[in-house]
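Chains as they are written, first to last, in my numbering: chain A, 1 to 258; chain B, 1 to 331.
Each hint should be verified, as a subset may be incorrect.
To be verified - Reference excerpt, derived from the structure (chain A facing chain B, CB under 10 Å, subset only): (1) Gly43; (2) Arg45; (3) Thr55; (4) Asn92; (5) Arg93; (6) Thr97; (7) Leu150; (8) Leu175; (9) Pro177; (10) Arg192.
Treat the hints as calculated values from the structure; they're not laboratory data.
Beta carbons: idealized from backbone N, C-alpha and C, even for Gly.
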Amino acid sequence: MSTTMTQVGAIARRSVVRTSRQPASIIPPLIFPIALMLVNAGGLRSSTELPGFPTDSFLAFALAVPFIQGALFSTMNAGTDIARDVQTGFVNRLSLTALRDWPLLTGQLAGIVVLGVVQVLFYIVVGLVAGVRFESGPAGIAVLLFYGALVALSFGALGAWLAYRTGSGETIQALFPVLFVFLFISSMNTPRNLIGVDWFRIAATLNPVSYMIECVRSLIITGWDWQALALGFGFVIILGLVSLRLASGALRSRMART
Amino acid sequence: MANEKAQNGIEVRGLVREYKKGPRAVDGIDIVVEPGEIYGFLGPNGAGKSTTVHVLTTLLPPTAGTALVGGYDVVKDGPKIRGLIGVALQEAALDPLLTARDHLRLQSTLQSVPKAEREPRADELIHRVGLVDAADRKVSGYSGGMKRRLDLALALVHSPRILFLDEPTTGLDPQSRTDIWNEVALMRREAGVTVFLTTQYLEEADVLADRVGIIDQGKIVAEGTPAELKAEIGRPSIHAIPRTEDDRPKIAAFLAQFGEPLASTRDVAVRLNDGLGLTDIVRAVDANGVDIADLELHAPTLDDVFLAKTGRTLEGAAEEAETAGQEKRSR
C-alpha cells in the first residue's frame with residue numbers, strides 16, 4: 001500500500017475509533033431520527049388517506065427522513081471533532097508530520113462515511129423489522145447504502161469546511177438548527193404536490209433537501225424513479241463538490257507551513 | 001565535523017517574526033546550536049520563545065532573517081526539516097479519546113516508520129517514558145505529567161536527530177519535572193540528539209542546558225553556559241529579612257554601604273562589593289546592633305543574570321506579560 005493510502009487509512013481509523021468511544025456521538029444519530037419518525041408516523045398516519053398520497057404506509061414514506069437527519073447529526077459531530085483538533089493544537093501535531101493536507105481530509109471524511117453507512121444500515125434494518133417493503137429490492141438497498149455514503153461525505157465535507165474555517169465547535173453547533181430548518185421546510189412529512197400552503201410548497205420545491213429525501217423515498221416506496229434518483233444524486237454531488245473544494249481550501253490555510 | 005554540524009545543528013541569523021497588528025514577537029535574533037547540545041531558551045511568557053520554535057519547526061514563516069535546521073532552510077525545505085525533527089509543543093495536543101498506544105501507532109504511521117517497526121517502537125517508547133501500566137487507557141484519564149511524557153514519546157517516534165521541546169515541564173509537579181529532565185538528558189547522552197528547549201524555569205535551564213540564551217521582548221539579552229552567565233554577574237548578593245516593615249528603610253540604608261541595592265519585595269538585598277563576604281556583613285550587623293530577622297547569602301543565579309540584563313526579575317517580567325495580555329484581552 002502506498003504511503004499516502006496508509007496515512008489516509010490511519011486518519012480514518014482514528015476518526016472511527018474516537019467516534020466509537022463517544023456513545024453520545026453514536027446513539028443520538030441512530031435513535032433521535034427513528035424516534036422522530038415514529039412520532040410523526042403515529043400522528044400523521046391519516047395523511048395516507050389524502051388523494052394522491054403515494055403509499056398506504058406512512059412509516060415507509062417517513063423512513064427517508066432519518067437518512068438525511070442522521071447525516072445532519074453526523075455533520076455536527078464530525079465538524080465539532082475537527083474544530084476540537086484545531087483548538088487543541090492536534091492539527092499542528094499533524095502538520096509536523098509528513099502528512100499532506102488532502103490525505104488528512106480524505107482520512108477524516110472516510111471515517112465519517114464509514115459511520116454514515118453504519119447509520120443507514122441501522123435505519124434500513126429498523127425499516128425491515130417494522131415491516132417496510134423496499135420496492136427497489138436488494139439492489140435498491142445497495143443504492144441506498146451508496147447514497148448514504150455520498151450524503152455523509154457531502155455533509156461531512158460541509159462540517160469539515162466550517163471547522164477548519166472557524167476552528168470553533170460552538171460555530172458548528174450554532175449551524176445545526178439552521179440545517180434543521182432546511183430539513184423541516186422540505187417534503188419530509190408531505191409530498192410536495194400535496195402541500196396546501198403556497199409559500200411552504202414553493203420553499204420545499206426550492207429546497208435541495210426535498211430532492212435528497214425524495215431520492216431515498218423513491219427507492220423505498222416507488223422502485224426505480226430515475227428522475228428522483230437523478231435529482232437526489234445531482235444535488236448531493238453538487239453539495240459534495242462545493243463542500244470538498246471549500247474544505248480543502250480551509251484545511252490548506254489551517255495547515256499553512258513552510 | 002562540518003558535515004555533522006550541518007546535519008544536526010541549528011543556525012539562526014537575524015531572525016524576525018512580526019504578527020499582523022502586533023509588535024515584533026522575535027526581533028532579529030542570532031542563535032547557533034551545536035550538534036548534540038542542549039540549548040536552553042529562557043524567558044518569561046510572551047518573550048518570543050514559542051514563536052521562535054514555531055518558525056524553526058516550519059509552522060510559521062519568518063518575516064526576515066535566515067534559519068537552518070539540520071542544514072536545511074526553514075523557508076525552502078519545510079518537508080525535509082519535518083522529517084528530521086521531533087517536536088513537543090507547549091500544549092500537549094493529545095486526543096483524549098485515544099490511548100497512548102493509539103497515539104504512537106498513528107504518529108509512527110504518519111511519520112512513515114516502517115510497518116514492522118511500529119509496534120516494537122511503540123513498546124520501547126511506552127516503557128521508556130514509564131507509561132506501561134497506562135498504555136491502553138484513554139488519555140483523558142492521564143495526569144499532566146503523563147500527558148507530557150506521552151508527548152515526548154510521540155516526538156521521539158521516528159528517532160529524530162533534533163528535538164524541539166517548548167516548555168515541556170510547565171505546570172508539572174517536581175517529580176514529573178525531574179522525570180522529563182532525566183529523559184531529555186538520557187536522549188542526548190545515548191542518541192546524541194540536539195535539543196532546543198524553551199523554558200521559563202531558571203532551575204530547568206541551569207540543570208539541563210549546556211548553553212542558555214535569555215530572551216526578553218523578542219531579543220536575546222544574554223547567551224552562554226550557565227556558569228559563564230553567572231560569572232558575568234560575579235558577585236554574590238546579601239538578603240536581609242527585616243523583623244518588621246518599619247525596619248526596612250533603616251536596614252536598606254545600612255546595607256547600602258556594602259554594595260549596590262537590588263529590587264526585592266520580600267527582603268532588602270544588595271549585590272556585594274568585591275572582596276566582601278557573609279562574615280563581613282554579620283560582623284558589621286553585630287557591631288552596629290542592627291535588628292534583622294534573617295540574613296542570607298545568594299550565589300548568582302540565572303535570575304540575577306536576567307535582572308542584570310533587563311532590569312527586571314524573571315518572575316516580574318512574567319507578571320508584566322500576564323497583565324499586558326489581560327489588558328489586551330479586555331480591550
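Taking the hints in turn, this is what the structure says about them:
no., hint, verdict
1, Gly43, "violated (38 Å)"
2, Arg45, "violated (42 Å)"
3, Thr55, "violated (42 Å)"
4, Asn92, "holds (6 Å)"
5, Arg93, "holds (5 Å)"
6, Thr97, "holds (4 Å)"
7, Leu150, "violated (27 Å)"
8, Leu175, "violated (23 Å)"
9, Pro177, "violated (26 Å)"
10, Arg192, "violated (42 Å)"
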